[in-house]
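Using the sequences and the hints, build the whole thing.
If you want the building blocks of each chain, they are given just below.
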Amino acid sequence: MTTTDATTAAATTESVPTSQTLAADTRRNSHPLLRVRDLSVRFEPKMSPALTAVDKVSFDLLEGEFVGLIGESGSGKSTLAMALLSLLERPGRISNGSIEFDGEDIASMSQEDLRHRRWRDIATVFQSSMNSLNPVMRVEAQFRDAIEEHSELRGDAVTERVRELFSMVMIDEKFMSAYPHELSGGMKQRINLALALCNRPRFVLLDEPTTGLDVVVQRSILEAVRRLQKEQGFAVLFISHDIGTVMELSDRIFVMYAGQLVEQQAATTLVKDPLHPYSKGLLGSYSNPRADTVRVTYIPGRPPDLTRPISGCRFAARCPEAIERCSSDEPQLLPLAGGRVACHVAHLQRGPSEDKPDGLPEQTTRFAGPEFVKTAEDSDRARRGEVFLEVDSVTKVFERRRGLRKQQTLAVDDVSFALRKGEVTALVGQSGSGKTTLARMITGVDKPSSGTIRFTGSEGTIAVEKLRTRQLRDYRKHVQMVFQDPYSSLNPALTLRYTLTRPLRNHRGLSAQEADAVAGELMETVALTPSNRFLDRYPHELSGGQRQRVVIARALAANPELIVADEPISSLDVSIRAEVLELLQELVTGHDIGVLYITHDLLSARLLADEILVLSQGRVVEQGNALEVIRNPQDAYTRTLLDAIPNPFEQATTTS
Amino acid sequence: MTAGIVQTGSEERPGDATDERGEGDAGYSQQRWWQLLWSNTKARVGIILLLAFILIATFAPLIAPYEGTRSDFDALLPVSGDHLLGTTSQGADIFSQLVYGSRVSLLVGLFGGLVSTAIALVIGMWSGYKEGTVIDDILSFITNVAIVVPVLPLMIVLIAYSEVRGIPLIVFVIGITSWAGHARAKRSQIITLRNRDFVTAAKFAGEGSGRIIFREIMPSMTSLVAAGFVGASTGAIGAEAGLSFLGLGDPNSISWGTMLYQADSQGAVGQGLWAWVLAPGLILALLITSLTFINFGVDLLSNPHLREDS
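Taken in order, these protein sequences are the chains called A and B. Quick note: the first sequence uses my numbering, first residue 1, plus one each step. Quick note: the second sequence uses my numbering, first residue 1, plus one each step.
Just so you know, these hints were derived from the structure itself, not from any lab. For glycine and all other residues, C-beta sits at the position ideal for the given N, C-alpha and C. Treat each hint with caution, since some may be false.
As the list claims (entries may be wrong) - Mimicking DSS-like on lysine-lysine, the simulated pairs with C-alpha atoms at most 25 Å apart in a straight line are: (1) Lys-421/A x Lys-447/A; (2) Lys-42/B x Lys-447/A; (3) Lys-477/A x Lys-447/A; (4) Lys-477/A x Lys-130/B.
What the hints assert, rightly or not - Where chain B lies over chain A, by a calculated footprint (3+ residues, C-beta under 8 Å): (5) 491-498; (6) 502-510.
As the list claims (entries may be wrong) - Derived Cβ-Cβ restraints for the label pairs, each shown as a range: (7) Asn-131/A x Val-164/B: 56 to 62 Å; (8) His-181/A x Val-269/B: 21 to 27 Å; (9) His-181/A x Ile-138/B: 30 to 36 Å; (10) His-181/A x Thr-41/B: 41 to 47 Å.
Next comes the structure, spelled out in structure tokens:
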């Protein structure tokens, strides 16, 4: 399945359209397809305080336009999407404003009238591709349902249309009679896309259509979207937290923060000259991985609590450019430099000079907040460390019984490498490449089928593949993990004090008081200060970045020599990723800990890692200095992974 | 859709606590569980009823005009000021019996529920946590046997053959015969939780299985455990009444089940002595209803989606 995806990806790579021209043409001779005015969505749950998740949002979407909507999680993107589709569920409701589709107000339309429009005029692809296909129906029948409901086609004509749709999304027509569970995630999502297009809609809403899919598969799906959009001329509102991809695909971008649109701008302009500091912050999370020195910025703090009244600009508390006026006057979304922006500073900076108040910050295109820097020299130094873990020709075979036959899957195939103190090694590969299996073997959770893993720590050399349950507990003094999702790796029912003191008591044998004191120190290490204010809190009281800090503090508690970090930033908002990277980097240099960084994303691998191993189908296909691998990829697979990294900046420089 | 829920869900609430604004925000935190329970009408009715029963049981000597075991009145007196519900054919005051009978039901409900829940938790949680191992095989086998064995004959046999009769025996018998279904439920619930990252994290923190199960995982299942306990109590109350009705109850104390047993053996229905039959029957139904209502509220705790519908 993955191979089909990979080939389609390769096939479509050349045809990435930059269809600004097409969109511009349509824009000139059409009235807005979707006209949203002062749309507000309010959630009024019975048990908790009410909040306005979408606040007076107004915009126009033209026929055939591709618009991206970006913002951190919780900024109201998906709520806005649900409102546009009239799919809001209790306790949410549209409290104000209008949504006109082709001149008709659909916000006040009855569900029955809407039913006829849905899928024919307005279609959508939801986030969870796994769940939006009916598992007990063959794929073709699901197409047939949708097509027969909304068109005159019957019988063979429908089959013909389905065949056409399948070829549009480049899936072999033999899968028409398949059940959803027989398809890979990428295929399911492409079928969802085909389903959305089956009645030739005029507007398609894509709500994070590729989240949870592999980078390479993501790429192929998004390219299909762009190509079809260009061919068929439907309008798209594309919601994603993957800012790079949105930038690359969209004609126009809406930036959303705390329920409001803060900037509307053409994509090319936004990349070159973002007006709102928040947009700058989001863009700052991208950097060119090929550069000697990579810098990424992050936005400190977290979005405001929408259940409370806010005066002034909602971003002011996190904004490095804020001036006095920002905390008292609420900025309006006003036209500026070809787009619209809701920011006092941006307007003043570009306004007549006599209006400029004292202390107005310099006009910048970069986010003026904190940043994380990684240089090539850092990596060179790290790669001279002392080897403490050696993986030698490790192979892992999974056996599964299928009836009478035994099915063997080769998950890891003859892999050898070494980890050094004070160095970050990245294991990069798509899902199914064996990187997680490898990590499980290194942490002792799984045993290799053959090969050896030697760990040389403070207590001599340990043969990891031979450890028994009891010894394994001791081994974990040396090897700790940082998990992908800080929302699920901290126990919601326990205080941070408990979470942090347990490894101290188990691994270091400290008494309760000693553990308490050390837990405080750990909190300080990860910059959660003052520690006593945090220790008695529960995880839900912290932001995502803070939670991940606690997870890192817990991993440090045992004084480990190796930390295995499994995608530690991929579930975090782009705006705070660098914050966690910076902390990990500090630990590596400050504590002389080796880090095994597992990721599918070469960009983040470059940001943190000194050495990169590229895994494909269980084998190491490329290995070497991080910068070297990225600048000079030798293997075709590495190049595919590299191509999957969106690079809005590169595009901006080539088109301008 | 998910995003909409996430934004309003109790889990992540923007600005609950942040670096600088922390202190002020901590003031309003999440809904407390008792507030949630109280907010549900059914649960509220259930709690008020149960409290009334507990008060009646505690202050039985003050409420009942006579001792519950006293039977030296004239037989079959009609309803009157002296005997609110009349007397039985053995000359006992029905109203006093009813008041004292609440003690037995509540005690059996509490302890029977506790014993049964405790066994179910230990066996179910352990076997679910060790899913796929020999320990799970053995524990699941025991659970399955306990499910398959017909409970009522087993209870009758156990009680009939025991030397002593009394409430502790009934609690014990109900406890060891009624845990199996709950253990099965706990096993499947823990299986969905045991692969969470925080469980793996606890293993990396060097925790042992017992601590992981009962200290890390169980708190996330509190509402399910509570629901299981209320259900088990309801079952225990019903079982006690049933056993007593069959004449297997404690001969030295009065319970609603024994009242029904006596009424039945004296042919109360045939003689048209409705108060004698209906009073204990209805009051028993009322107690069980109150517990069921409470469980509606407990459901709200474990399933946030139900909160908006009520």
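Status of the hints after comparison with the structure:
1. Lys-421/A x Lys-447/A: 24 Å, holds
2. Lys-42/B x Lys-447/A: 53 Å, violated
3. Lys-477/A x Lys-447/A: Since the Cα atoms of Lys-477/A and Lys-447/A sit roughly 18 Å apart, the hinted pair holds (cutoff 25 Å).
4. Lys-477/A x Lys-130/B: 23 Å, holds
5. 491-498: holds (count 4)
6. 502-510: holds (count 4)
7. Asn-131/A x Val-164/B: 56 to 62 Å: At roughly 58 Å between Cβ atoms, Val-164/B and Asn-131/A fall inside 56 to 62 Å, so the hint holds.
8. His-181/A x Val-269/B: 21 to 27 Å: With a Cβ separation near 59 Å, His-181/A and Val-269/B fall outside 21 to 27 Å, so the hint is violated.
9. His-181/A x Ile-138/B: 30 to 36 Å: For His-181/A and Ile-138/B the Cβ distance comes to about 33 Å; the hint holds.
10. His-181/A x Thr-41/B: 41 to 47 Å: 42 Å, holds
Taken one by one, the earlier hints fail for this structure at numbers 2 and 8, listed in ascending order.
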